[in-house]
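Can you build the whole structure from these sequences, using the hints too?
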Amino acid sequence: MAKANLSDPEVRDQVIAALRKPKVGKAFHVIHWKNRWKVLDERTARTRKSFADQDGAVEHARELARDSKIDLVVHDRDGSIRRESYRDS
Amino acid sequence: MPPPTEGFGRNVFINCPFDADYLPLARILVFCVLRCGFQPRIATERSDSGEVRVEKIRELIQSSRYSIHDLSRMEPLRPEDLPRFNMPFELGLDLGCRYYGTARLKSKQCLILETERYRYQKVLSDIAGNDIRAHHDDPEQLVQELRDWLRVSSGEPLLPVVKLWDQLNRFGDHLETLLRQQGYSERNAQALEMAEYISFVKNWMVGGVA
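Sequence lines, in order, name chains A and B. Under the numbering used here, the residue at position 77 of the first sequence is numbered 77, and the numbers go up by one with no gaps. Under the numbering used here, the residue at position 186 of the second sequence is numbered 1186, and the numbers go up by one with no gaps.
Bear in mind the hints are in silico, worked out from the structure with no lab data behind them. Keep in mind that the hints are not guaranteed to be accurate.
[To be verified] Label-pair ranges, simulated between beta-carbon atoms:
{"no.": "1", "chain 1": "B", "residue 1": "E1075", "chain 2": "A", "residue 2": "R87", "range": "45 to 55 angstroms"}
{"no.": "2", "chain 1": "B", "residue 1": "R1119", "chain 2": "A", "residue 2": "K69", "range": "45 to 55 angstroms"}
{"no.": "3", "chain 1": "B", "residue 1": "G1092", "chain 2": "A", "residue 2": "R87", "range": "48 to 58 angstroms"}
{"no.": "4", "chain 1": "A", "residue 1": "L6", "chain 2": "B", "residue 2": "A1020", "range": "34 to 44 angstroms"}
{"no.": "5", "chain 1": "A", "residue 1": "K26", "chain 2": "B", "residue 2": "D1138", "range": "27 to 37 angstroms"}
{"no.": "6", "chain 1": "A", "residue 1": "V11", "chain 2": "B", "residue 2": "D1126", "range": "48 to 58 angstroms"}
Heads up, the beta-carbon is just placed ideally off N, CA and C, and yes, glycines get one too.
See the structure below:
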C-alpha cells in the first residue's frame, strides 16, 4: 500500500481527520419522535421498535445492545445524551 | 437540468439570534440545511472585526436564494431592555431585496418562523399576510417546518423528515464524543463557534451517513 504523502497539507489534514474520528463503533439509539420513543439501529439506520414511554424503549435497546455487544445511546428531549457501553459485557 | 451544487441557488441565509438560549435551535437549522444539500449563510460563519455588520448581512442576503427568519426571540432579554430589532430589520432587508432587486433576486424564497403562529401580528402587522410557521420551541417541529419548506421551495427530493431527525441525533452523539476525545471541556463544547460547528457537520457528512 502506498504511503500517504504527509508533506502535502491537504493529505495531512485528511489523515489527521481520520485519526480524530471517534473510536466508538455503532450503537443502538433511543430517540423521541412525535410522541413516541423509538429504538434505532445505527448499523442499518432503521427503527427496530417504537414505544409509548422512554423506559420501555431504553430497556429494549439495552437488551439489544447487550446481545450485540455494542453501545446504547439515549437522547433525552432536552438534547442531553448518555451512553452505556456493552462492548465488553 | 440538475440543480446547481453551489452559489446563489444553494445558499440559505439564516437570520436568528445568537444567544446561548437559542443556540441549540440555531445549530439544528444549520445541520438540516447542510444535510439537505444546501449551504447555510449566517452572520457568525466568519469573524472579521473589520467588517461592518450591516454590510455583511447585505452580502449574505444578496447571495442567498433562500432565507430563514426566526422572529421567536424578538422580546427583550431583560424586562428593562428594548425588544431586539435585528431579526425584523433583516427580514425587511430580505423582503426589500426581493421586491426591488433584479430578476434573480425576485426568485428569493423565505421561511418566517415564530414560537406561536399569530403572536407578532399585533406588533408587526405589515407581515400579517405572510405565512408564518410556528415551531413552539420544539426541535422536532423546527426540523419538520424547515425540511417541508425547503422541499416545496426547492422542488428537490430531500431526505424524509424522520431520517433527518435520526441523523441530527446521531450527529449530536458523534460530536459530543469527538469533542471529548479532542479535550474540549463541556463549557468549550457548548461555546463552539458556528464556523467550527459547520466544519464538523461537513466532515461527518463526508464520512458517509447511512
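Verification of the supplied hints:
1. At roughly 47 angstroms, the beta-carbon separation of E1075(B) and R87(A) lies within the given 45 to 55 angstroms, and the hint holds.
2. Distance hint for R1119(B) and K69(A): a CB-CB separation of about 50 angstroms, consistent with the stated range 45 to 55 angstroms.
3. Range check, G1092(B) to R87(A): about 54 angstroms between beta-carbon atoms, so the 48 to 58 angstroms window is met.
4. Separation of L6(A) from A1020(B) is about 39 angstroms and conforms to the stated range, judged on CB atoms against 34 to 44 angstroms.
5. Take K26(A) and D1138(B): their Cβ atoms lie about 28 angstroms apart, and the range 27 to 37 angstroms holds.
6. For V11(A) and D1126(B), the hinted distance range of 48 to 58 angstroms is satisfied, since their beta carbons lie about 54 angstroms from each other.
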